[in-house]
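As numbered in the UniProt record's numbering, residues 1 to 265 make up the sequence shown, in order.
It is possible that some hints are incorrect.
Claimed, not checked - In silico DSS-like cross-links for lysine-lysine, where the CA-CA straight-line distance does not exceed 27 Å:
1. LYS244 - LYS32
2. LYS32 - LYS235
3. LYS60 - LYS235
4. LYS245 - LYS32
5. LYS245 - LYS65
6. LYS235 - LYS245
7. LYS65 - LYS235
As the list claims (entries may be wrong) - DEER-style ranges, computed between Cβ atoms:
8. LEU123 - LEU33: 35 to 43 Å
9. THR128 - PHE232: 30 to 38 Å
10. PHE108 - ARG242: 46 to 54 Å
No lab work stands behind these hints: they were computed from the structure. Quick caveat, the model's predicted, so the values are computed rather than measured. By construction, the Cβ of each residue, glycine as well, lies at the ideal position given by its N, Cα and C atoms.
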Amino acid sequence: MASPTAASCTLDAAAAARNLICRDTTAAAHLKLASIFVIFLTSAVGIAGPVLLAQLFRGKPLYDKAVLVIKCFAAGVILSTSLVHVLPEAYASLADCAVSSRHPWKDFPFAGLVTLIGCLLALFVDITATEHNRCTIKPLVAALSFHQIFEGMGLGGCIAQAGFRLRTVAYMCVMFAVTTPMGILLGMIIFWLTGYDDTNPNALIMEGLLGSLSSGILVYMGLVDLIALDFFHNKLMSSTPRLKKTSFVALVLGSASMSILALWA
Numbered sequence: 001m002a003s004p005t006a007a008s009c010t011l012d013a014a015a016a017a018r019n020l021i022c023r024d025t026t027a028a029a030h031l032k033l034a035s036i037f038v039i040f041l042t043s044a045v046g047i048a049g050p051v052l053l054a055q056l057f058r059g060k061p062l063y064d065k066a067v068l069v070i071k072c073f074a075a076g077v078i079l080s081t082s083l084v085h086v087l088p089e090a091y092a093s094l095a096d097c098a099v100s101s102r103h104p105w106k107d108f109p110f111a112g113l114v115t116l117i118g119c120l121l122a123l124f125v126d127i128t129a130t131e132h133n134r135c136t137i138k139p140l141v142a143a144l145s146f147h148q149i150f151e152g153m154g155l156g157g158c159i160a161q162a163g164f165r166l167r168t169v170a171y172m173c174v175m176f177a178v179t180t181p182m183g184i185l186l187g188m189i190i191f192w193l194t195g196y197d198d199t200n201p202n203a204l205i206m207e208g209l210l211g212s213l214s215s216g217i218l219v220y221m222g223l224v225d226l227i228a229l230d231f232f233h234n235k236l237m238s239s240t241p242r243l244k245k246t247s248f249v250a251l252v253l254g255s256a257s258m259s260i261l262a263l264w265a
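Start from the sequences and build out the full structure, keeping to the hints where you can.
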């Protein structure tokens with residue numbers, strides 16, 4: 001009788017064969033090029049929206065409450081992105097038969113360890129930053145764009161509340177908007193230059209480790225820089241029970257909306 005591991009590897013091999021048949025690298029390249037512009041636009045809209053609204057509505061009765069609710073929704077999106085999208089992909093890469101049959105990958109849960117390292121790394125950056133505003137920012141185009149626009153709202157809300165100078169605000173907005181598109185472009189260049197094979201064990205290991213690291217950073221950002229800060233260290237939240245309930249609902253809706261996208265992404 002075949003072992004469960006052997007059976008699983010047989011199923012994985014069959015799935016990989018089907019994916020290979022369906023793969024169209026030319027069409028994928030066109031989609032990636034389109035995604036650069038789509039994600040740039042959604043990132044720019046997401047981060048610039050709260051900043052522009054701050055200039056128009058700062059001081060109005062509902063402004064601070066609206067920003068807080070938007071940040072809580074964004075925190076839910078970020079947390080769900082980490083735990084429902086990024087981390088399962090990282091586990092899947094490191095659990096692939098080509099990797100899990102090797103030492104030391106089959107002997108230790110590296111995805112969980114590297115996720116923990118990501119959390120601690122984000123904490124280290126947070127506590128050693130010389131100037132810090134306790135708001136830190138970073139699978140199909142639709143899911144990533146959805147994530148980017150609300151992550152941008154979360155960061156934009158922090159920037160709007162911090163009261164930075166115009167030059168600093170503009171610099172932060174531009175950098176947030178271009179980082180992910182630049183990463184996509186860099187990945188495409190590496191793919192073309194090296195003939196990158198995403199079924200290669202070394203490639204799977206790198207994807208798993210980097211995904212786990214990203215997941216840990218996102219978990220820290222969502223829980224510490226946004227959720228904990230807004231729910232436990234915000235005077236407006238603590239003095240308004242109804243706002244706290246509304247913000248919690250926004251957090252749940254943000255988590256649920258990004259989680260639902262896992263059905264397609």
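Do the hints match the structure? See the list:
{"no.": "1", "hint": "LYS244 - LYS32", "in the structure": "violated (40 Å)"}
{"no.": "2", "hint": "LYS32 - LYS235", "in the structure": "violated (44 Å)"}
{"no.": "3", "hint": "LYS60 - LYS235", "in the structure": "holds (17 Å)"}
{"no.": "4", "hint": "LYS245 - LYS32", "in the structure": "violated (40 Å)"}
{"no.": "5", "hint": "LYS245 - LYS65", "in the structure": "holds (12 Å)"}
{"no.": "6", "hint": "LYS235 - LYS245", "in the structure": "holds (15 Å)"}
{"no.": "7", "hint": "LYS65 - LYS235", "in the structure": "holds (11 Å)"}
{"no.": "8", "hint": "LEU123 - LEU33: 35 to 43 Å", "in the structure": "holds (37 Å)"}
{"no.": "9", "hint": "THR128 - PHE232: 30 to 38 Å", "in the structure": "violated (22 Å)"}
{"no.": "10", "hint": "PHE108 - ARG242: 46 to 54 Å", "in the structure": "holds (47 Å)"}
Checked against the numbered hints given earlier, the structure breaks hints 1, 2, 4, 9 and satisfies all the rest.
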